[in-house]
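Residue numbers (our numbering), protein chains in the order written: chain A, 144 to 350; chain B, 144 to 350.
Just so you know, the hints here were simulated from the structure itself, not pulled from any lab data. Watch out, some of these pointers could steer you wrong.
Chain copies aren't distinguished; within one or between two, either way the pair holds.
[To be verified] Derived DSSO-like pairs: lysine-lysine, alpha-carbon spacing no greater than 27 Å straight-line:
{"hint": "1", "residue 1": "337", "residue 2": "283"}
{"hint": "2", "residue 1": "283", "residue 2": "159"}
{"hint": "3", "residue 1": "148", "residue 2": "159"}
{"hint": "4", "residue 1": "283", "residue 2": "233"}
Given the structure is predicted, the values throughout are model-derived calculations rather than measurements.
2 protein chains.
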Amino acid sequence: MQHLKLDDVMNMERRKRATLINYLSGFKSANLIGTKNSTGQLNVAVFNSVVHIGANPPYFGFILRPVNVPRHTYQYINETGYYTINHIHKSFYQAAHQTSAKYDTDVSEFEAVGITPEFRGDFFAPYVAESHIQMGLELKEIHRIECNGTFLIIGKILEIWLPDNSVTMDGHIDLSQQGTVAIGGLDTYYEAHKLNRLEYARLQKNA
Amino acid sequence: MQHLKLDDVMNMERRKRATLINYLSGFKSANLIGTKNSTGQLNVAVFNSVVHIGANPPYFGFILRPVNVPRHTYQYINETGYYTINHIHKSFYQAAHQTSAKYDTDVSEFEAVGITPEFRGDFFAPYVAESHIQMGLELKEIHRIECNGTFLIIGKILEIWLPDNSVTMDGHIDLSQQGTVAIGGLDTYYEAHKLNRLEYARLQKNA
C-alpha cells in the first residue's frame with residue numbers, strides 16, 4: 144500500500160491535494176441550494192456537503208467555504224433566514240455543476256445555467272423545478288470552524304415536496320429510482336444501485 | 144407532488160420519520176471509525192456523516208449523535224485525541240453495518256462482527272484491515288449543535304493509506320473501482336457507477 148504522511152499531502156500541488164482529499168471522505172450528497180435576497184435577486188449553487196443532523200425535529204447541515212463557493216448563498220441565508228435544498232438528478236447534473244462557476248453578483252445562476260426557479264406557496268426561497276425532492280428550510284445555527292474558517296450552517300426543514308407514492312409505509316425512498324446522483328471528489332458524478340437494505344443491527348445470538 | 148409540512152413530519156411514527164429524513168439529504172459516505180481507549184479497549188463503529196472540511200491542511204468532520212450511536216467513539220476520541228476513518232467496501236458492508244448494534248462496554252465491536260483491527264507504525268488508533276482506504280486523524284475541534292445536542296467532531300488527517308497506483312497524477316481516485324459503497328437512509332447500501340467527470344466550472348462564453 145501507499146503511505147502518505149501529512150508532509151507528503153502538504154507538499155502536493157494545490158489542485159491535486161484538493162482533488163485527492165475531496166475523494167477520501169467517500170461518496171457525497173449532491174444538492175442545489177436555492178436562495179433569494181431582500182431585493183429579489185435569486186441564487187442557486189451546488190453543494191456536496193449536506194449532512195443529516197437530526198430527524199426529531201428535522202435538521203440538516205451543510206459546510207460552506209467562503210473562499211471556494213459563491214458567497215451569495217451565505218449572504219442571502221444570513222440576510223433572509225430561508226433556503227431550499229433540492230436533490231440533483233441524473234437528468235440535469237451537468238447544469239447543476241455549472242452553478243459552481245464564479246458568476247457576477249447581478250447574474251442569477253438559475254438563468255445562467257438554465258435551471259428553473261420555482262416558488263411554492265408563500266415560501267420565501269426558490270425551489271429548483273427540475274428537482275423532484277425539494278425541502279424548504281429555516282436557518283437555525285451557524286458554527287464557525289476555527290481551524291480553517293469554514294462554516295457549518297444548520298437549518299430546520301419546514302416543508303418537503305416529493306413525488307406521489309415515493310415514500311413507503313415505513314419511510315423509505317428509492318434514491319436510485321428517483322435518479323438522485325452522488326458526487327466523488329469535486330467534480331465526478333455517480334449513479335447508484337442498491338446492494339441491499341439491511342435490518343436494524345441488533346446483538347446477534349451467540350455473538 | 145406530495146407536500147409534507149413540518150407538522151406532518153412531527154406527527155409521523157418515530158422510526159418512520161427517522162428513516163424518511165435520513166434519505167432526504169441524499170447519498171452519504173460509508174465509513175468505519177476506529178478508536179482505542181487508554182486501557183487498550185478497541186472500538187469500531189459505522190458512520191454515514193463524514194464530511195469534507197478542508198484540504199489545506201486536510202480536515203474531515205463527522206456528526207455524532209450521543210443517543211443513537213455507541214458513545215465509545217466519542218469517549219475514546221475525547222480521551223486519547225486519535226481515531227481512524229476507513230472506507231466501507233462492497234466486500235464487507237454487512238459486517239460494517241452490524242457495528243451499529245448496542246454492544247456492552249467490554250465488548251470490542253471488531254471481534255463481535257468479525258472485522259480485523261490493524262495497527263500501523265506508531266499510530267495510536269486501530270485501522271480496519273478489510274478497508275484499503277484508511278486515514279489516521281488527530282482531534283482538532285468539537286462543536287456542540289445547540290438545536291438537538293449532537294456534536295460535530297473535526298480532525299486533521301495525519302496519514303493516509305491507500306492502494307498503490309490508486310491515485311492519478313492529478314489526484315483522482317476511482318471510488319467505484321475501489322468498491323467503496325454509499326449509504327441511503329439509515330440502512331440501505333449502494334454501489335456507484337461513474338456517470339462523468341465534469342470540468343472545473345468556468346463562465347461560459349455567450350452565457
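Q) Between copies, within a copy, both or neither: which fits residue 337 and residue 283 at Cα up to 27 Å? A) Classified as neither: same-chain Cα gap 33 Å, cross-chain 35 Å, threshold 27 Å.
Q: First find the shortest C-alpha distance between residue 283 and residue 233 inside one copy, then the shortest across copies, and answer within, between, both or neither for a cut-off of 27 Å.
A: Neither way: residue 283 and residue 233 sit 31 Å apart in one copy and 37 Å across, limit 27 Å.
Q: Classify it for me, residue 148 with residue 159: is the Cα-Cα distance of at most 27 Å met within a copy, between copies, both or neither?
A: within (15 Å within a copy, 43 Å between copies)
Q) What label fits residue 283 with residue 159 when the C-alpha limit is 27 Å: within, between, both, or neither? A) Between. Shortest inter-copy distance 24 Å satisfies the 27 Å Cα cut-off; intra-copy 35 Å does not.
Checked against the numbered hints above, the structure violates hints 1, 4; every other hint is satisfied.
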